[in-house]
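These protein sequence lines map, in sequence, to chains S and A. The numbering of the first sequence is the working numbering, which starts it at 1 and goes up by one. The numbering of the second sequence is the working numbering, which starts it at 1 and goes up by one.
These aren't lab readings, by the way, just hints derived from the structure by calculation. There's no promise every hint is true.
Stated by the list, open to error - With a straight-line Cα cutoff of 25 Å, these simulated DSS-like cross-link-like pairs (lysine-lysine) come out:
1) S:K73 with S:K123
2) A:K31 with S:K123
3) S:K73 with A:K31
4) S:K73 with S:K28
5) S:K105 with A:K31
6) S:K47 with A:K147
7) S:K47 with S:K123
Predicted model, so just to flag it, every value in this text is computed and none were measured.
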Amino acid sequence: MKKIVTAVVAALMATTAHAHEWTPTYPKFEPSFMDGIVVTTMELFNKRSDIEYYEITVHDEGWNPVPFATTAKLMYVPYLGKESVEIYIREADCDRIEYICTTSKQLELNAPGSGVDSRICSKV
Amino acid sequence: MLRLIAALAVVAGSTTANAESVPITGNVSSKCSIYTSVAGVYGNPTPDALSTDPVDGGVDPVVRFDVTAADYYIAKISWPNSFASAPSLDDALAWDGEVTVSQTSDTGMAGYEAAKIEYDNVTEYDLTVAGSTWFQIESSVDYGYGKSFPGGQYSANVTAECIAS
């Protein structure tokens, strides 16, 4: 009986884990339909039940922000949702771009939440 | 003579058999997932202190990093140095924290703790082995010089980063 209770508790504990995935790890930019603009497609999978918004940022090697365009820099991704996003940058910036990141954003009304901000950065 | 002809026929026959190769292809891409295994809770052992240490009545948050390919990612974990939400505070806060590896899925990860790099409130681990690693984060904060924290709800966030290297 004790073993069953332990197993149930362990199973319940396991289901409380929340995850955030951002792929691919090494994206490649391709020419877009506009001259001088390149594009890559990234995918975000939200397994964090406490988070529904993720901010996209693009950085150079020194973690300085690099201008980019996308449909929404603050993405709404529901729990267990998977969203693809196209990121457009100037061809001239292609050489200096190093990281494309997503950071979880917690709504103030949901605070304190899990107390963990997750951030995943892919390397160009 | 007849046996020799028969043997040659067998050899010739075998070389005329058609081989069909059936390819099986697959793609393993590197991926990093950050899991919040345990949400942290601050205990209030003395009026001027908040701490996640279980001895102080708190709960240390635990985050898990899953990497599907070795040597592709660096984990950067920062203990909090400001409140995400808190009542109005008019005195200085002294933050402290510590990040440690609490569990691993592979014996090859045993060296992670010794190889970690610490600076400011950040701890970096090179995820050189594929699998899961659990990191436990301790956080504490003292208010003013023996000053009591005002009543209210306090929250601070740990930042867990997985950066492709």
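The hints, checked one at a time:
no.	hint	in the structure
1	S:K73 with S:K123	holds (18 Å)
2	A:K31 with S:K123	holds (12 Å)
3	S:K73 with A:K31	holds (22 Å)
4	S:K73 with S:K28	holds (19 Å)
5	S:K105 with A:K31	holds (21 Å)
6	S:K47 with A:K147	violated (40 Å)
7	S:K47 with S:K123	holds (22 Å)
Checked against the numbered hints above, the structure breaks only hint 6 and satisfies the rest.
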